[in-house]
Each structure stands twice: as structure tokens, then as C-alpha cells.
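Asker: If you want the building blocks of each chain, they are given just below.
There are 2 protein chains.
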Amino acid sequence: MKENFVEQIADIEKDFPQWYTDVVLKTRLVDYGPVKGTMVIRPYGYAIWENIQKEMDARFKATGHVNAYFPLLIPMSFFTKEAEHVEGFAPEVAVVTHAGGEELAEPLAIRPTSETVIGNMYAKWLQSYRDLPILINQWANVMRWEKTTRPFLRTSEFLWQEGHTAHATEEEAMEETMKMLGVYKEFAENVLAIPVLTGRKTEKEKFAGAVATFGMEAMMKDGKSLQAGTSHFLGQNFSKAFDIKFLDKDGSQKYAYTTSWGTSTRMIGALIMAHGDARGLVLPPKVAPTQAVIIPIAAKKGGVIETCLKIKDDLEKAGVRVVLDDTDNSPGWKFNEWEMKGVPLRIELGPRDIEAGKALIFRRDTLEKGEYALSGVVEEVKDLLEKVQKDMLEAARKRRDARITSADGIDGILKAVESGNFVKAGWCASRECEDKIKAETAATARIIDDKLSHKKCACCGKPAIYTVIFARAY
Amino acid sequence: MKENFVEQIADIEKDFPQWYTDVVLKTRLVDYGPVKGTMVIRPYGYAIWENIQKEMDARFKATGHVNAYFPLLIPMSFFTKEAEHVEGFAPEVAVVTHAGGEELAEPLAIRPTSETVIGNMYAKWLQSYRDLPILINQWANVMRWEKTTRPFLRTSEFLWQEGHTAHATEEEAMEETMKMLGVYKEFAENVLAIPVLTGRKTEKEKFAGAVATFGMEAMMKDGKSLQAGTSHFLGQNFSKAFDIKFLDKDGSQKYAYTTSWGTSTRMIGALIMAHGDARGLVLPPKVAPTQAVIIPIAAKKGGVIETCLKIKDDLEKAGVRVVLDDTDNSPGWKFNEWEMKGVPLRIELGPRDIEAGKALIFRRDTLEKGEYALSGVVEEVKDLLEKVQKDMLEAARKRRDARITSADGIDGILKAVESGNFVKAGWCASRECEDKIKAETAATARIIDDKLSHKKCACCGKPAIYTVIFARAY
Numbered sequence: 027m028k029e030n031f032v033e034q035i036a037d038i039e040k041d042f043p044q045w046y047t048d049v050v051l052k053t054r055l056v057d058y059g060p061v062k063g064t065m066v067i068r069p070y071g072y073a074i075w076e077n078i079q080k081e082m083d084a085r086f087k088a089t090g091h092v093n094a095y096f097p098l099l100i101p102m103s104f105f106t107k108e109a110e111h112v113e114g115f116a117p118e119v120a121v122v123t124h125a126g127g128e129e130l131a132e133p134l135a136i137r138p139t140s141e142t143v144i145g146n147m148y149a150k151w152l153q154s155y156r157d158l159p160i161l162i163n164q165w166a167n168v169m170r171w172e173k174t175t176r177p178f179l180r181t182s183e184f185l186w187q188e189g190h191t192a193h194a195t196e197e198e199a200m201e202e203t204m205k206m207l208g209v210y211k212e213f214a215e216n217v218l219a220i221p222v223l224t225g226r227k228t229e230k231e232k233f234a235g236a237v238a239t240f241g242m243e244a245m246m247k248d249g250k251s252l253q254a255g256t257s258h259f260l261g262q263n264f265s266k267a268f269d270i271k272f273l274d275k276d277g278s279q280k281y282a283y284t285t286s287w288g289t290s291t292r293m294i295g296a297l298i299m300a301h302g303d304a305r306g307l308v309l310p311p312k313v314a315p316t317q318a319v320i321i322p323i324a325a326k327k328g329g330v331i332e333t334c335l336k337i338k339d340d341l342e343k344a345g346v347r348v349v350l351d352d353t354d355n356s357p358g359w360k361f362n363e364w365e366m367k368g369v370p371l372r373i374e375l376g377p378r379d380i381e382a383g384k385a386l387i388f389r390r391d392t393l394e395k396g397e398y399a400l401s402g403v404v405e406e407v408k409d410l411l412e413k414v415q416k417d418m419l420e421a422a423r424k425r426r427d428a429r430i431t432s433a434d435g436i437d438g439i440l441k442a443v444e445s446g447n448f449v450k451a452g453w454c455a456s457r458e459c460e461d462k463i464k465a466e467t468a469a470t471a472r473i474i475d476d477k478l479s480h481k482k483c484a485c486c487g488k489p490a491i492y493t494v495i496f497a498r499a500y
Numbered sequence: 027m028k029e030n031f032v033e034q035i036a037d038i039e040k041d042f043p044q045w046y047t048d049v050v051l052k053t054r055l056v057d058y059g060p061v062k063g064t065m066v067i068r069p070y071g072y073a074i075w076e077n078i079q080k081e082m083d084a085r086f087k088a089t090g091h092v093n094a095y096f097p098l099l100i101p102m103s104f105f106t107k108e109a110e111h112v113e114g115f116a117p118e119v120a121v122v123t124h125a126g127g128e129e130l131a132e133p134l135a136i137r138p139t140s141e142t143v144i145g146n147m148y149a150k151w152l153q154s155y156r157d158l159p160i161l162i163n164q165w166a167n168v169m170r171w172e173k174t175t176r177p178f179l180r181t182s183e184f185l186w187q188e189g190h191t192a193h194a195t196e197e198e199a200m201e202e203t204m205k206m207l208g209v210y211k212e213f214a215e216n217v218l219a220i221p222v223l224t225g226r227k228t229e230k231e232k233f234a235g236a237v238a239t240f241g242m243e244a245m246m247k248d249g250k251s252l253q254a255g256t257s258h259f260l261g262q263n264f265s266k267a268f269d270i271k272f273l274d275k276d277g278s279q280k281y282a283y284t285t286s287w288g289t290s291t292r293m294i295g296a297l298i299m300a301h302g303d304a305r306g307l308v309l310p311p312k313v314a315p316t317q318a319v320i321i322p323i324a325a326k327k328g329g330v331i332e333t334c335l336k337i338k339d340d341l342e343k344a345g346v347r348v349v350l351d352d353t354d355n356s357p358g359w360k361f362n363e364w365e366m367k368g369v370p371l372r373i374e375l376g377p378r379d380i381e382a383g384k385a386l387i388f389r390r391d392t393l394e395k396g397e398y399a400l401s402g403v404v405e406e407v408k409d410l411l412e413k414v415q416k417d418m419l420e421a422a423r424k425r426r427d428a429r430i431t432s433a434d435g436i437d438g439i440l441k442a443v444e445s446g447n448f449v450k451a452g453w454c455a456s457r458e459c460e461d462k463i464k465a466e467t468a469a470t471a472r473i474i475d476d477k478l479s480h481k482k483c484a485c486c487g488k489p490a491i492y493t494v495i496f497a498r499a500y
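Which chain is which? The protein sequence lines are Y and C, in order.
Positions in the first sequence are counted from 1; adding 26 to them yields the working numbering.
Positions in the second sequence are counted from 1; adding 26 to them yields the working numbering.
Heads up, some of the hints might be wrong.
Which copy is meant is left open, so a pair is good if it fits within one copy or across any two.
Here are the simulated DSS-like cross-link-like pairs (lysine-lysine), alpha carbons at most 27 angstroms apart as the crow flies [claimed, not checked]:
id, residue 1, residue 2
1, 80, 384
2, 87, 464
3, 150, 230
4, 416, 327
5, 80, 408
6, 107, 62
7, 395, 80
8, 408, 343
9, 275, 52
10, 327, 40
11, 326, 280
Since the hints were made in silico from the structure, they are not lab data.
Okay, chain Y solo, but in the shape it has when bound (with noise of 0.2 angstroms):
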């Protein structure tokens, strides 16, 4: 489909929420299925979820993974097996009731996440030590009936994958849940180019059935933090519900300890909120569905198209993913459009420049604008490229840890977060304070920090047990 519009986007500074919805609508990303609560993933914001697909994919292969596909109907009873597993999924399941024309037996739930079905089939499959560890991953949809729900953050429905392994012992287990947000960490931040806080979760904040979740945390341009993946440590809570033993060396019978992991579609609302601004997205280059934009000045003029094709092939062949915006529009309607669609380089090219050996090249991270020799054109645009990919990286960077800040108390956690700050704070760990922090700041506790530098609780003034970071989140 062509792409003819020009349209106006709410003030980011004066209404985040808004200029969410107009960018994610108006650059053509996702636009609202017809039923409430679910999304269409147009091609635009599908291509960006092909590209993390991809850099993903080969992610978990390296670490030695392998793709499977499990069913998205789970007898609902599977869901009763896991005590906090049902409290935390029971509510938000989608049932099917009827299928071919009958009234089932048991009632279906579309899969919120698939660590029942995967256990069950895991305890068939798994027979001895010699099968372990069993190391697979899931790219699926998943059905979670959302109450409030805004395009990739909270949909009904939306694309994720999940890793799903089973381990001999509790080390390897462990090791496998730290390895795997590792992979998330160095993923979100050399390829959607966001820096995130990793940590575990707070018992109240972690995955319904595991002994521990941790997560990792980026910070949007309104200060709310963003949950952009989360590994889970199960221990033995699936492999006793679900029976996944095996037969040890020792030649005794044991349970396996699993875990799991998972990034989901939310990335792509992680990537918009982070980088975006006035203008619409900022898109980094390694999941731009088009890295650079060849725009023609004066089109009709000799030699310029042609050279404007020249330029767009020899660019496809080093590899760059490059559209030549040759329609009827004016420029400045086009400089618009693409800027808007967040495309990382702009490259302006008039009779003048022709004759002079030149091209402009305009960096939309940065909004600047630079001339270039038209001889070293692919190389140059090559290299700004891999700098626009650092230099997105560094900038959010500088601006998330200008905004972690420190509290002692309430009202500073309070502050804090009122103006767009994550905020380091001292916690007794009890659940009473977690609930009063929260309902007084609406902060939640994001993750525990890695260093205890708070003495006190910031709630009751007991001694701290941990850190803790808290911000407003999505």
C-alpha cells in the first residue's frame, strides 16, 4: 500500500499518552482489531518484529536452543496443578467452550503462557539423565484478557517467545535463568539500542508458580518504567505438578528443575517510548524495516533519478535496507513522513549536489545534517549506520541514569517518580510496605538492586533488607 499522509501527532511533552496512540497509529505500526482489546500488527510495525526475530532467533541457537511448537489449547484443569499458577492466570484466561459444532467435555483455555502443556509433554519425553537438559523455545501467540489495553503494552492477544527448559540440578537451572536474561540484556541494548536494569523481582512482582523472577527494566521518555523481559528460575514447582522426572545416574528417580523466559511484541512499545520524540518514532538501525531514505530534490531535473537509482542499488547490494521515495509529494511532505516513520538516514540528493560530488545526509536521532561525498556515499551511510546504532544507545543511556535518583522515605519516592524518575529506595521486604509504597506513589517495586545502600526502609524505618528500585510502570 502507498503511504500518502502527513498528520499531526500530539505534543510529547504535554501528552505522552496521546502521542503514543497518534504515533503508533499514524506511522502505520498496529491498528485495533474488532474485537476490544486485541491489535492488528500492520506491516510496518510487523517488519520491526521480524528484524527482532531474527537477531533473537539466532541469539538462543548460539546458546545452544532449539524452536518447537506446542498447542494453544490447554485442558483447564492443567492450570489447577500449580497452586500460584492458576491464582495468577485462572482470571485472565480466554475459554473455549464449544468446538465442531458441540459442547466440550472440559472446557479449553488459550494458552497465557504455555509452562502446563510444555510440563506435561516434557514429563512424556524425559526419561533419563541422558536426555537433559532439554533446551527449547517457543514463538507463539498467547491470549491474556486485559481489562485496559493499549496497542503492543497490553493487548488480549499478542506475539512473544518462551523459553521453556528442564535441568538436572538446581545449579545448571540457575545458571540457565541468569544466562537468559544476560541474552535480553545484551539483546535489548545492542539491538533496540535501550539500556535496561536487570535484577530479580519482588515475591509480590514475579511470574505466578516460579521461585524467582528476574527482569529487566527500561526507562521510557516519560520516566515509566517498561518490564521488556523476564526470566524465571521454576526450581521443582512444574516438575512435581506436572511429574517431569528422570532416572539419575545414581540410578534413583528425581524431579528436574525447569525454567522459562520470555520478550514479547511489548518490545516494539518499549522501542517507540524510548527513543521516540516530537516528530514521531526514532527507530534504531538494526530493526528499522528501512534504514535510509533516498529523497530526490528537483526530480524531474536530468541526471537526478538516475543517479537516485544508482545509489539505492548499490546500497541494496552492501546490504542496506533503502527505499527511493520517488512519488509526486514535495519533499518537505516526504522529510515528514519518513521522519515520522523514524527512519535513521536521510539522503537528499538535487541537481546542485549532483554537480558538486554530493549528498546530504540527515541523521533523524539527532536531527543533523551533514554533506557527503557522492563517490563514498554507501560507505558513509554504512558507518552512520553502525554510529547511529552507539550513539542511540549512549544517549538514552545519559538520560536514564540522569533520572535514577535516591530516597528515604515516602514522600521522596513520592517526588521522585512525579517527575519521571526511577528511584533507589531502602525496604524492610515485607508485602505491607510493598502495598503502601505503592498505593501511595503508584510506584512498584521494578527490581531488587544488586547492592544493599540504603540502611532503612523507606515505609516503616526497620532496617533495609534491600534496595530497592521503584518507578511508575507500564
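Based on the hints, put chain C in the right spot on chain Y.
Answerer: Showing chain C alone in chain Y's frame:
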């Protein structure tokens, strides 16, 4: 997971259905899911699907298509908008009636195919002739509740791709329909090494809601046909049902012409039954998860493992998907195991081979073993993989062509299909005769032949309108 097993599979000549079941389960392509009629695609099966996806997706993109993702759940009311469509799909639909702990106001269908929900979105997106054509493909899971199921061939849930396009004119839409049928045929032959017959389907066999359906049919080793892909010209049926209109150049509102086309994990079933033999799977190199396996003979003798590792490394660098089986199992056990799994080439290396500077290479497709100089083994393997790919197609074509016969009456059709043939016969184009032929021979009209080569209907003796290829089918 390690794969330590050599198990018996049923005799392919005596019990083809049991052979199929044994092969899919024992090679760990697939397993039964906990819900009746569902399957788990295990890593070895999913790796084939990934190779299929990669090859096919590249072809879709090369022909100008982009990917997107539409919701799984479709309001039941959407199905009633196209009369034939609802009649065809409503009986097979799985229905969500409850979600988030409440009964839904309107029941939601899990997509059996997405013409309706995509049509609804196209109606919203399409404004002007400038927006056309819309060329979108989706990779997704779909669900059709079936009474009798078999892994890959017919399961309640399966994975597929569905292309959905909209065009300004009938000619363009028909051109797209035929273009994608051509893409499918080229893919089936050059990637799956399966020769296919393509042509129009009869009214009885067409897609519910299409003006015309074109299919590709592949012959399995038991002489039955498997429909491996279809391309539908939908005319204005769905654009009228969903109001997919555009403002044309002439200033008038017009309904678009749409198409849809799909292939699924069913193709893995085709692969198994078109090429498999008494020893198990025979996979064409382009989709084989492992293209070559190296088996060390007398591995503990000096230099054997080192040479195997070196060759593995060299083959990997040359882009060959290779496994070195250095487990403790005997060479004989390993031969059986990897033959059952259908790996195209086996490289055997023992101390005497190394001394003589030779390697033995076994071809899974022809069961031939040859001696090759170790120094040129990488090039030999690459050449052999290409040769196996081509030879498998030619062998399948010869097998099939020898089993396409002709008949003049129902008796002839029955005899032909009972001995495992496709059979060409004349048909008067009446539904009555098509039904009678099916009732008496269990054969269905697979496709209408390009050429009218029969004068009379094999059923009623009236003048033939078409020559049809009949076969029993999966």
C-alpha cells in the same frame, strides 16, 4: 535432548498408515498433544518447518508481499456475512464463550482462516486506487475442529501461511491467483523435491466463498493424492460482504477484487509420504535439518576424531548443516538411526580410510555408497547435496508419471485408484456424477486437467466438458 533410539517401524509395503505413524513419532518429528486432535511439533519437525518458512517467505517477498499479523479471535457474526463461507467453516469452528472470568456478549471464533477479519481491516484501510494492490501474507496458527485427525495431515490446530490480496481489477486479481499457484509449484518442486499437478478445482472441492480455487496435488508413495497448497480467486465475494471499496481514477466507488492462498505444516506430511522408504524418512537437502552426519568408525584410534572434527568444521564453514555423532553407540546403531531420520548424506571415517586419504559417503536417497578423496570432501558433499536434491525430484516425478492412467468408466476409475494411481477421466461437469464417482470409488476430483482428452463422462456417458484427474486423497 540426546536421541538414543533405534526402533522398528512398520513395513511400508504392508501397512502404509502404520508406517507413517511410526515414522513421524519415532523420528520425533511430532507428538500427540494432550487435547484430542492436537499435535506438538517437536524440534526435529519444527526445524523442517523453519527451513520451509525461510524458503517460502523469501519467495513471497521477492513477489512484492509483506507480512502482517491479524487477531486470532473473530466475532462469530463475521462468518455469516459471506453465505458459502459460513456454511463451509462454521461446523469446524472452535468457539470462545468466556474470557476474563465473564461470559462474552458475542461468542468469538478461533480463526479457521482469516478472510473475514482481514476483509474487515482492508475495508477500513482502503480508500483510493492509490492504496492498491494490497499484498499481505500472514504466518499463523489456525484451528479447524476435525473428527478424524493425523499428525501434520489433519489436526485441529496447524501452522500455515495465508496470503490475502486486494486489487483494482479482476484481471490483476486473477493474475495474482495464478502467480502464487506458480510460486507454490516452483517451491514444491525445487525445495520439497515433490512434483505437483496444478489446476482448477471443481465447484464441490473449491474453497468456501471463492469464485475459483486452484490447487496443487502431490502423489504419495501409496498412490494417494495430497493437496499441498491452494490459491483462491475470490472475485468480489468478500469485498461485497465486508465493504472493501475504493475511489477509482474515474471518481466512482468500486469493490476490490481479492485473492487468498495458503500452505501449511501439511507439507511436512507430503514430504514424509512422497519420499519415505522402508528405513524411514528421506529428506531433500534444502529442508533437512541435518544435511550430513559424520560417523567415526573405531573412534578411539588415533586421529579419527580429530579428522572428523576438522571435516565438520570445514563443512559448517561451507554452510552445510552437519552433525558429528560421537556418542558411544555402535556404528550400526548410528547408521540405522540417522537413516530413519532421513539425513541426506552420511560420511563414514575410520583409521584405514584416513590412512588411505579417503572417506565413504552414503546417499540416503539411492542407498549408494561411494569413496571420495578426503582432501576434496567439502566440495564433494556440496555437489552431492545438489545432486540428491535434483535426483529426488526426478525419481518422484518418474514414480508419479508411471502411475497416471486413464479410464472411460467408473469401473476403470475404481481399478486405477485401487492399484494406487491417479486417473484421468471425462466428466460432464454435473455434481451428481462427481458424487457418484466418489461414492463408488472413494476417489475425488483432484483437479481439472488443462486438456479435454476424453469425449464422454466416465459416469453418465454424456459428452465430457472436462477431463478431470481423480484420485483417493488425504
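Asker: Would you mind marking each hint as holding or not holding in the structure?
Answerer: Cross-check of the supplied hints:
1. 80 - 384: Intra 35 angstroms, inter 39 angstroms, cutoff 27 angstroms: neither.
2. 87 - 464: neither (39 angstroms within a copy, 48 angstroms between copies)
3. 150 - 230: neither (32 angstroms within a copy, 42 angstroms between copies)
4. 416 - 327: Neither way: residue 416 and residue 327 sit 37 angstroms apart in one copy and 51 angstroms across, limit 27 angstroms.
5. 80 - 408: Classified as both; 20 angstroms inside a copy, 26 angstroms across copies.
6. 107 - 62: Answer is between; shortest inter-copy Cα gap is 20 angstroms, intra-copy 31 angstroms.
7. 395 - 80: neither (31 angstroms within a copy, 38 angstroms between copies)
8. 408 - 343: For residue 408 and residue 343, both the intra-copy (12 angstroms) and inter-copy (26 angstroms) Cα distances are at most 27 angstroms.
9. 275 - 52: The answer is between: 25 angstroms across copies meets 27 angstroms, while 60 angstroms in one copy does not.
10. 327 - 40: neither (43 angstroms within a copy, 75 angstroms between copies)
11. 326 - 280: Cα proximity of residue 326 and residue 280: none, with 76 angstroms in one copy and 33 angstroms across.
Hint compliance for this structure: hints 1, 2, 3, 4, 7, 10, 11 are broken, all remaining hints hold.
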